[in-house]
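Once you have looked at the hints, place chain B on chain A.
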Amino acid sequence: MIAEFGLAALWLAAALAGLQLVAGSLALTARGKDLAGIVRPVAVVQGVLALIAFAALIVLFCQTDLSVKLVAMNSHSAKPLIYKLSGAWGNHEGSMLLWVTVMGLAGGFVALVERRLPEQTMLATLAGQAFVSLGFYAFLLISSNPFERLNPPAPEGQGLNPLLQDIGLAFHPPTLYLGYVGLSVAFSFAIGALVTREVGPAFARAMRPWVLGAWIFLTIGITAGSYWAYYELGWGGWWFWDPVENASLMPWLAATALLHSVSVLAARNALRAWTVMLGVVAFSMSMVGTFLVRSGILTSVHAFAVDPERGTFILALLAINIGGALTLFGLRAATVTEGERFSVVSREGALVFNNVMLSAILGIVLFGTLYPLLAEVMGAKVSVGPPYFNPVSAIFAVPMLLVLAVGPLLRWRRDSLARIRWSMAVPAALVVLSAAGLAIRAQLHILPFIGLALAGGLAVASVLPLKGRNLARVPLAVWGMVAAHLGVAVALFGMASESAFSVERLVAVRIGETSEVGPWRVTLGGIEPVAGPNWTALQANMAASYRGGAPVEIHPQARSFWAPPQQTSESSLLTRWNGQLYAVIGDQAEDGRWQLRLWWKPFVTLIWFGGLLIALGGFLALLGRVASDLRRHIARGKIADRRMEQGR
Amino acid sequence: MNAPSPRPRGWTLWLPLALFGGFVVLVLFGLFRPAGREVASAMIGKPLPAFELRAAVPDRPGLSSRDFRAGTGAGKPRLLNIFASWCIPCAVEAPQLEQLRAAGVEINGIAIRDRQEDVAAFLARNGNPFARIGADDLSAVQLGIGSSGVPETFVIDGKGVIRYQHIGEIRPDQVPLILEKLKEAKR
Numbered sequence: 117m118i119a120e121f122g123l124a125a126l127w128l129a130a131a132l133a134g135l136q137l138v139a140g141s142l143a144l145t146a147r148g149k150d151l152a153g154i155v156r157p158v159a160v161v162q163g164v165l166a167l168i169a170f171a172a173l174i175v176l177f178c179q180t181d182l183s184v185k186l187v188a189m190n191s192h193s194a195k196p197l198i199y200k201l202s203g204a205w206g207n208h209e210g211s212m213l214l215w216v217t218v219m220g221l222a223g224g225f226v227a228l229v230e231r232r233l234p235e236q237t238m239l240a241t242l243a244g245q246a247f248v249s250l251g252f253y254a255f256l257l258i259s260s261n262p263f264e265r266l267n268p269p270a271p272e273g274q275g276l277n278p279l280l281q282d283i284g285l286a287f288h289p290p291t292l293y294l295g296y297v298g299l300s301v302a303f304s305f306a307i308g309a310l311v312t313r314e315v316g317p318a319f320a321r322a323m324r325p326w327v328l329g330a331w332i333f334l335t336i337g338i339t340a341g342s343y344w345a346y347y348e349l350g351w352g353g354w355w356f357w358d359p360v361e362n363a364s365l366m367p368w369l370a371a372t373a374l375l376h377s378v379s380v381l382a383a384r385n386a387l388r389a390w391t392v393m394l395g396v397v398a399f400s401m402s403m404v405g406t407f408l409v410r411s412g413i414l415t416s417v418h419a420f421a422v423d424p425e426r427g428t429f430i431l432a433l434l435a436i437n438i439g440g441a442l443t444l445f446g447l448r449a450a451t452v453t454e455g456e457r458f459s460v461v462s463r464e465g466a467l468v469f470n471n472v473m474l475s476a477i478l479g480i481v482l483f484g485t486l487y488p489l490l491a492e493v494m495g496a497k498v499s500v501g502p503p504y505f506n507p508v509s510a511i512f513a514v515p516m517l518l519v520l521a522v523g524p525l526l527r528w529r530r531d532s533l534a535r536i537r538w539s540m541a542v543p544a545a546l547v548v549l550s551a552a553g554l555a556i557r558a559q560l561h562i563l564p565f566i567g568l569a570l571a572g573g574l575a576v577a578s579v580l581p582l583k584g585r586n587l588a589r590v591p592l593a594v595w596g597m598v599a600a601h602l603g604v605a606v607a608l609f610g611m612a613s614e615s616a617f618s619v620e621r622l623v624a625v626r627i628g629e630t631s632e633v634g635p636w637r638v639t640l641g642g643i644e645p646v647a648g649p650n651w652t653a654l655q656a657n658m659a660a661s662y663r664g665g666a667p668v669e670i671h672p673q674a675r676s677f678w679a680p681p682q683q684t685s686e687s688s689l690l691t692r693w694n695g696q697l698y699a700v701i702g703d704q705a706e707d708g709r710w711q712l713r714l715w716w717k718p719f720v721t722l723i724w725f726g727g728l729l730i731a732l733g734g735f736l737a738l739l740g741r742v743a744s745d746l747r748r749h750i751a752r753g754k755i756a757d758r759r760m761e762q763g764r
Numbered sequence: 044m045n046a047p048s049p050r051p052r053g054w055t056l057w058l059p060l061a062l063f064g065g066f067v068v069l070v071l072f073g074l075f076r077p078a079g080r081e082v083a084s085a086m087i088g089k090p091l092p093a094f095e096l097r098a099a100v101p102d103r104p105g106l107s108s109r110d111f112r113a114g115t116g117a118g119k120p121r122l123l124n125i126f127a128s129w130c131i132p133c134a135v136e137a138p139q140l141e142q143l144r145a146a147g148v149e150i151n152g153i154a155i156r157d158r159q160e161d162v163a164a165f166l167a168r169n170g171n172p173f174a175r176i177g178a179d180d181l182s183a184v185q186l187g188i189g190s191s192g193v194p195e196t197f198v199i200d201g202k203g204v205i206r207y208q209h210i211g212e213i214r215p216d217q218v219p220l221i222l223e224k225l226k227e228a229k230r
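Residue numbers (my numbering), protein chains in the order written: chain A, 117 to 764; chain B, 44 to 230.
Looking at chain A on its own, in the form it has when it is part of the complex (with noise of 0.2 Å):
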């Protein structure tokens, strides 16, 4: 009963989105202005009935309903109720389903608020996201039903991957999907303003809060991601350069982009056709990644049910909605007329700079993505790592980040360098000492040599812009950016640090024996099993003593799920405030002793910090335009409100 309920709401937010891009549409023309009073109420119940359907299908999966087909699939009735729930959006179609509500929800909310843009604009943003969302309708409810029924229903469930059953792993996924979609909304208001050919500063400031906040669960999603395949994969790394990894990381590179030139079109009315191009390619980049992650195409070697009709519907999907709206770009942005000129060393000059670095690194790790496929195409395979990408990537990196040290101190329009100088000659001097102190101590690689070396200067530089200010009075949104920036600071410290200095040790002990890695004595206390709801375990217990201080219980675990059967192993990890202790137990030999794997990774906790400090950034910004928006709101209402009573 629920899932036809759900089934019923699915189809009925389908129509109204049908609803909404034709009324939308007609009513920007002449004969069917009468049309525009509907649109922005549809898309409101739009949304809510796509939030009914989602809300079915989280019911379904908390009630272990196996006669719906995709809770037989993924999920087990002795599965912990947090991952039940988790099951609902952790396949294929649950995620497509959570997609959709998203997307609804966000234009209906747009649709509920947004009142500054011209309503034509509006009717054209608002119809462009129900084009959108009706694709996606479409492939639920064709190719991918939630709520298909099985008959019979099955005696008990399949489970749900054991790596999934993690509770970061729980929150990741919609994290990223509130980014993805939250960046639907800068497209449409992207479509919007190139069929009214209304690009200017209102339509950026309509524009920043979604892109700020698709922004932020970006930061939090990927960040979360990095350090949940840390201490999940048990492979000491934090970042793979794995197709699925750089799925989030393009979306956040042009949203990165997106943001700083959607603030330079808001406060000068300059990069008008650049900034249109970048919430088109914000949007385009999350549907793409999707589409390399869901059809298989890339982790082909893994994939043995690569489905090619889902894959197809994506890539029609992408090809009908990115394809149209660049050529809609193609057509109107050389009638978008040329924003306000600026000097090269000036705000915008820095921003556009910021600007042309992310999009260079945004095409090295799509072409680095694809590479593996187009070498196929010419008949070897390949393989892209860390290799490519790292040095590469940080040939555009390094003079971003300098410049990002410059930016903010300039002034909009015209300014000099000299008249900063001063200003910069803190963090230049930290730089330059940091790199001899290093030269001279240590025999480091390049890159981590380089990250080094930076981070203290571009800290300094990053709460520079709040020198010689009354601290109660800067505006939220600069406390945003500096935190932002400090943020970047902070995590390029803790990412150079991590390759800089880390230690590794692969050790074959007996029960009793004491390995070292770096600064810490790990004991071998002995092996125990141990049971949990849905898995068995081997427990190592071990003993770990820094510099000779009191030993500390770590206790890293190899499990065996169940339902499905698999192997996995827990890493332990022992944090400090300058770094990790990183634990993972391996086989026993034939000999009777075990196999561990020890890292000290000093300051590898910064890389997280760092992105949240990023996140928190984004988020101050936030409430502070939010804020300001609010305030200007108020203020012209109470005009409107003194104008009335004089004209009496």
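Errors might be hidden in some of the hints.
Claimed, not checked - A partial selection of chain B residues facing chain A, derived with a Cβ cut-off under 10 Å:
id, residue
1, Leu56
2, Leu58
3, Pro59
4, Phe63
5, Gly64
6, Val70
7, Gly73
8, Leu74
9, Phe75
10, Phe94
11, Trp129
12, Cys130
13, Val135
14, Val148
15, Ala163
16, Ala167
No lab work stands behind these hints: they were computed from the structure.
Even glycine gets a Cβ: it sits at the ideal position worked out from N, Cα and C.
Relative to the frame of chain A, chain B by itself:
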């Protein structure tokens, strides 16, 4: 010093669309490429590396790389099957190996990380199609010939050169494929 603002005009406005078109073509190719996706061994076309393995069970001789060039069937292609008593798919492919043996194919086996009594019990249960069986206790030979799992089956031609690698168990419908590869190896 004016106007560094990116001013996309004319044909550059169509560049994104063109790039995207390239992406779609590339991906279409990827979606519909032929299904053969096994990772081929880098050892194909190369001679078997030299090895000498003791017998895994008392009633069959051990195996050395020389056995693929000498003996009664000198110059004839043979199969080399990598298996283990603890491997379930190996038991699944046993009838197919028996079928190949009945067709006159000489099959040599390498038992990976196994004990003598376990291998004997496995062969008693599933039949013994092997002419010789070597014991590879540390997977050294297995890794040397570019195999990473069990079961795997190699076609070795009469000169001791690896001609074909089959990853995973031989399913009933794949027996003709193996026979075909053996025929090719004769040339």
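Hint check:
1. Given hint, Leu56 (chain B) at the interface with chain A, holds; its Cβ is 5 Å from that chain's nearest Cβ, closer than 10 Å.
2. The restraint placing Leu58 (chain B) at the interface with chain A holds, with a minimum CB-CB distance near 9 Å, inside the 10 Å limit.
3. Interface restraint check: Pro59 (chain B) against chain A, minimum CB-CB distance 5 Å, threshold 10 Å, status holds.
4. For Phe63 (chain B), the suggested interface contact is upheld, since its CB lies about 6 Å from the closest CB of chain A, less than 10 Å.
5. Hint on Gly64 (chain B) holds. Least Cβ distance to chain A is approximately 8 Å, under the 10 Å limit.
6. Because the smallest distance between the Cβ of Val70 (chain B) and any Cβ of chain A comes to about 6 Å, under 10 Å, the interface hint for this residue holds.
7. The closest approach between the C-beta of Gly73 (chain B) and any C-beta of chain A is roughly 5 Å, which is under the 10 Å cut-off, so the hint is satisfied.
8. Contact between Leu74 (chain B) and chain A, as hinted, is supported at the beta carbon level, the nearest pair being about 5 Å apart and thus within 10 Å.
9. At its closest, the beta carbon of Phe75 (chain B) sits 7 Å from a beta carbon of chain A; the interface hint therefore holds under the 10 Å criterion.
10. For Phe94 (chain B), the interface hint is violated, the least distance from its beta-carbon to any beta-carbon of chain A being 21 Å, above 10 Å.
11. Look at Trp129 (chain B): its Cβ only gets to about 14 Å from chain A, farther than 10 Å, so that hint breaks.
12. Look at Cys130 (chain B): its Cβ only gets to about 15 Å from chain A, farther than 10 Å, so that hint breaks.
13. Violation of the interface hint for Val135 (chain B) is found here, the shortest Cβ-Cβ separation to chain A being roughly 17 Å, above the 10 Å cut-off.
14. A distance limit of 10 Å between C-beta atoms decides the matter here; for Val148 (chain B) the minimum to chain A is near 28 Å, and the interface restraint is violated.
15. Against a cut-off of 10 Å between C-beta atoms, the interface hint on Ala163 (chain B) is violated, since the closest Cβ of chain A lies about 20 Å away.
16. A cut of 10 Å between beta carbons decides the hint on Ala167 (chain B): the least distance to chain A is about 25 Å, and the hint is violated.
The structure fails hints 10, 11, 12, 13, 14, 15, 16 (numbered hints given earlier, in ascending order).
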